[in-house]
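Kindly produce the complete structure, drawing on both the sequences and the hints.
Heads up: the sequence lines are chains Y and P, in that order.
When you line the first sequence up against the numbering used here, it's residues 1 to 216, in that order.
When you line the second sequence up against the numbering used here, it's residues 217 to 318, in that order.
Calculated from the structure, these hints are not laboratory results.
Keep in mind the model is a prediction, meaning the values are calculated, not measured.
The C-beta atom is built at its ideal place from N, Cα and C for all residues, glycine as well.
Be careful, since some hints might not be right.
Said to hold, decoys possible - Okay, the calculated beta carbon distance ranges per label pair:
| # | chain 1 | residue 1 | chain 2 | residue 2 | range |
| --- | --- | --- | --- | --- | --- |
| 1 | Y | G33 | P | R250 | 38 to 46 Å |
| 2 | Y | E35 | P | H249 | 27 to 35 Å |
| 3 | P | D275 | Y | E35 | 20 to 28 Å |
| 4 | P | I278 | Y | E35 | 38 to 46 Å |
| 5 | Y | D6 | P | A298 | 49 to 57 Å |
| 6 | P | G274 | Y | D116 | 46 to 54 Å |
| 7 | P | V279 | Y | S93 | 46 to 54 Å |
| 8 | Y | S93 | P | L295 | 44 to 52 Å |
| 9 | P | E219 | Y | T196 | 18 to 26 Å |
| 10 | P | E277 | Y | R9 | 47 to 55 Å |
| 11 | P | L317 | Y | R176 | 22 to 30 Å |
| 12 | Y | R9 | P | L280 | 40 to 48 Å |
Said to hold, decoys possible - Here are some, though not all, of the chain P residues that point toward chain Y, as calculated from beta-carbon distances under 8 Å:
| # | residue |
| --- | --- |
| 13 | G228 |
| 14 | A264 |
| 15 | A290 |
| 16 | L317 |
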Amino acid sequence: MNRYRDGARAIAPIGVIVLAFGASFGVLARTAGIETEAATVMSATTFAGSAQFAAASILGTSGGIAAAVLAAVLLNARYGPISVSVASLFRGSRLRRVVESQLIVDESWAVSRRPDGRFDRHLLIGAGLLLYACWVGGTAIGAVGGEALGDPADLGLDAAFPALFLALLVPQVRNRRALAAAIAGGTIALALLPFTPVGVPIIAASAACLLGLREA
Amino acid sequence: MTEAWVVVGLVGAATVALKSVGPVVLGGRTLPHRLTGVVALLAPALLAALVVTQVVGGDREIVLDARLVGLAAAVAALLLRAPLLVVVLAAAAATAAVRVLV
Numbered sequence: 001m002n003r004y005r006d007g008a009r010a011i012a013p014i015g016v017i018v019l020a021f022g023a024s025f026g027v028l029a030r031t032a033g034i035e036t037e038a039a040t041v042m043s044a045t046t047f048a049g050s051a052q053f054a055a056a057s058i059l060g061t062s063g064g065i066a067a068a069v070l071a072a073v074l075l076n077a078r079y080g081p082i083s084v085s086v087a088s089l090f091r092g093s094r095l096r097r098v099v100e101s102q103l104i105v106d107e108s109w110a111v112s113r114r115p116d117g118r119f120d121r122h123l124l125i126g127a128g129l130l131l132y133a134c135w136v137g138g139t140a141i142g143a144v145g146g147e148a149l150g151d152p153a154d155l156g157l158d159a160a161f162p163a164l165f166l167a168l169l170v171p172q173v174r175n176r177r178a179l180a181a182a183i184a185g186g187t188i189a190l191a192l193l194p195f196t197p198v199g200v201p202i203i204a205a206s207a208a209c210l211l212g213l214r215e216a
Numbered sequence: 217m218t219e220a221w222v223v224v225g226l227v228g229a230a231t232v233a234l235k236s237v238g239p240v241v242l243g244g245r246t247l248p249h250r251l252t253g254v255v256a257l258l259a260p261a262l263l264a265a266l267v268v269t270q271v272v273g274g275d276r277e278i279v280l281d282a283r284l285v286g287l288a289a290a291v292a293a294l295l296l297r298a299p300l301l302v303v304v305l306a307a308a309a310a311t312a313a314v315r316v317l318v
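So, in structure tokens, the structure goes:
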């Protein structure tokens with residue numbers, strides 16, 4: 001039990017930020033036309049910030065269901081390989097493994113990586129539980145409290161979206177290939193913006209990941 | 217709004233499946249090296265596209281407005297190694313300020 005608490009303690013400073021972000025997701029989801037219950041259920045079932053923000057913003061700009069779902073799923077595709085990297089930490093019945101694996105998020109995964117390159121189950125689960133409570137609770141608070149807020153554009157909240165994605169992008173650009181993929185993805189999106197429905201440029205930009213087929 | 221619930225259901229189901237792929241299906245095995253390389257580049261490509269579409273995106277047009285000032289503030293905050301929350305607040309505050317002043 002104590003070792004799970006170590007994970008929660010290690011991630012606590014991030015938990016505060018995640019709580020605030022959950023609240024901002026609740027506010028932005030409401031402004032995108034997603035009601036309080038749906039926003040909270042989304043945080044409880046998806047539990048992945050960038051995908052949720054992307055889906056909400058596409059829905060809010062009338063981008064359509066297909067574009068919103070595709071963009072979110074593509075953003076979460078990284079959880080395939082991430083979950084593979086920590087697969088050995090999960091034991092027990094199939095249902096138990098499915099439930100516990102939902103606590104895998106970028107931050108809990110990162111904090112559970114030990115200096116020797118292996119992963120610690122207690123740190124991942126402990127950190128994941130705290131982050132989950134912060135994210136879902138924050139979303140509910142934001143979605144309910146957000147009704148008291150005025151026009152989100154007056155508060156500059158629409159500019160919070162690109163700032164958030166830029167802040168999430170920077171740590172992803174760890175090497176030349178990631179930088180090339182980011183530049184290619186941004187360029188594809190910009191080129192398609194004037195010609196296609198909202199959402200399409202984002203999905204088309206995912207083709208930039210094919211740069212990964214080249215030998216390093 | 218049913219549209220939102222459809223998205224919530226589909227994205228939730230897909231994410232649950234993605235996060236449990238390793239622990240449930242693959243067990244201790246790992247993905248082929250080439251496939252791992254492709255998936256690893258999805259995040260930077262998609263996030264860059266999101267930055268572009270959210271900062272200059274309109275309805276089938278490129279719109280240059282106060283959001284650009286917000287992004288500039290975010291870049292400045294990132295260069296100062298500010299925490300995520302400060303970066304986002306800086307962008308919102310700068311954009312709100314421009315809208316009040318201009």
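**Prompt:** Of the hints given before, which are not true for this structure?
**Reply:** 2, 4, 5, 11, 16
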